[in-house]
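Engineer: From first to last, the protein sequence lines stand for chains A and B. Be aware that the first sequence starts at 185, since it is given in my numbering, and climbs by one per residue. Be aware that the second sequence starts at 9, since it is given in my numbering, and climbs by one per residue.
Source of the hints: derived by calculation from the structure; they are not laboratory data. Note that the coordinates shown come from a computational prediction; the quantities given were computed from them, not determined experimentally. Keep in mind that a hint or two might mislead.
Stretch by stretch, here's where chain A covers chain B in the computed footprint (C-beta under 8 Å, at least three residues) [said to hold, decoys possible]:
1) 62-71
2) 109-120
Under the rule of at most 30 Å between Cα atoms (straight-line distance), these lysine-lysine pairs were calculated in the DSS-like manner [said to hold, decoys possible]:
3) Lys78(B) - Lys63(B)
4) Lys198(A) - Lys63(B)
5) Lys63(B) - Lys193(A)
6) Lys63(B) - Lys113(B)
7) Lys81(B) - Lys113(B)
8) Lys113(B) - Lys86(B)
Just a sample of chain A residues kept apart from chain B, beta carbon distances all over 10 Å, derived [to be verified]:
9) Asn185
10) Pro192
11) Gln206
12) Ser217
13) Arg228
14) Ser251
15) Ser268
16) Ser278
17) Gln281
18) Gln285
19) Gly290
20) Thr294
For glycine and all other residues, C-beta sits at the position ideal for the given N, C-alpha and C.
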Amino acid sequence: NAGVTQTPKFQVLKTGQSMTLQCAQDMNHEYMSWYRQDPGMGLRLIHYSVGAGITDQGEVPNGYNVSRSTTEDFPLRLLSAAPSQTSVYFCASSRPQGHEQFFGPGTRLTVL
Amino acid sequence: AQTVTQSQPEMSVQEAETVTLSCTYDTSENNYYLFWYKQPPSRQMILVIRQEAYKQQNATENRFSVNFQKAAKSFSLKISDSQLGDTAMYFCAFPLRNTPLVFGKGTRLSVIA
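With the rest of the complex left out, here is chain A (with noise of 0.2 Å):
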């Protein structure tokens, strides 16, 4: 039983660059969560989803995408990379509201 997995660990891109960061857990969870942490912010969501076919938009959507075609799966995707979005980003799942949120590792990201 992994949990909660990430990929990349780290990356560094481009200004303008696109790509995507790989979320999966194994628990058959119903909700799964993108998240990013800016030092002294906290933890602020991006995007989520409350089942396979089910996305919506969180504190700070903009600039990037997500789709959720499995339950297993829900990647982050970065349109066109700008150095604002160097950041800590966690991918989260969990039951239905009340229950512990399981985290990720993270990524690190750096938009040069």
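Dock chain B against the given chain A, drawing on the hints supplied.
Structural biologist: Then chain B, alone, in the frame of chain A:
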């Protein structure tokens, strides 16, 4: 809007002493859940404790306990007998209706030997 506020950006405590981290929140819901998460230098997010708002009894997990004041919308975390391994960022969080967690900005706790 529903928000979470942690008013102490940094705190320190001597080993074996007790420390309390503050959290206030704003919601129009009546039934909800509240969480404290710990993030050590390894960056991994770890659940510390969970409180159900409809329960009057404060949650306790070993050396960690909460003081939940529903009317005041306050949810503080007390760490007793602090240990060096408690050094970490601590985040208060709760879910909006049908969404994942909303986090406070965190409190950086340093335990001093």
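Engineer: So is the segment 109-120 of chain B in contact with chain A by the C-beta rule, three or more residues under 8 Å, or is the coverage claim wrong?
Structural biologist: Check passed, 6 qualifying residues.
Engineer: Far enough from chain B: is every CB of that chain over 10 Å from the CB of Pro192(A)?
Structural biologist: Consistent with the label, Pro192(A) stays out of reach of chain B, its closest Cβ about 14 Å off (over 10 Å).
Engineer: Asn185(A) clear of chain B by more than 10 Å, beta carbon to beta carbon?
Structural biologist: It holds; Asn185(A) is separated from chain B by about 16 Å at its closest Cβ, greater than 10 Å.
Engineer: Does the no-contact call for Ser268(A) survive, Cβ to all of chain B over 10 Å?
Structural biologist: At roughly 18 Å from the nearest Cβ of chain B, Ser268(A) sits farther out than 10 Å, so the non-interface label holds.
Engineer: Is it correct that the beta-carbon of Gly290(A) has no partner in chain B closer than or equal to 10 Å?
Structural biologist: Gly290(A) is in fact no farther than 10 Å from some Cβ atom of chain B, at 5 Å.
Engineer: Is the nearest CB of chain B more than 10 Å from the CB of Ser217(A)?
Structural biologist: violated, 4 Å
Engineer: In terms of Cβ atoms, is chain B entirely out of 10 Å range of Gln206(A)?
Structural biologist: holds, 18 Å
Engineer: Below or equal to 30 Å on CA atoms is what counts here, so check Lys113(B) against Lys86(B).
Structural biologist: At roughly 18 Å apart (the allowed maximum being 30 Å), Lys86(B) and Lys113(B) satisfy the hint.
Engineer: Measuring Cβ to Cβ, find out whether Gln281(A) lies farther than 10 Å from everything in chain B.
Structural biologist: Given that some Cβ of chain B is not farther than 10 Å from that of Gln281(A), nearest at about 5 Å, it is violated.
Engineer: Given the hinted pair Lys63(B) and Lys113(B), is their Cα-Cα distance within 30 Å?
Structural biologist: holds, 26 Å
Engineer: Can you confirm whether the C-alpha distance between Lys81(B) and Lys113(B) stays at or below 30 Å?
Structural biologist: holds, 17 Å
Engineer: So if I understand the rule, the pair passes when the alpha-carbon distance is 30 Å or less; does Lys78(B) with Lys63(B) pass?
Structural biologist: holds, 10 Å
Consistency note: the structure conflicts with the earlier hints numbered 1, 4, 5, 12, 13, 16, 17, 18, 19.
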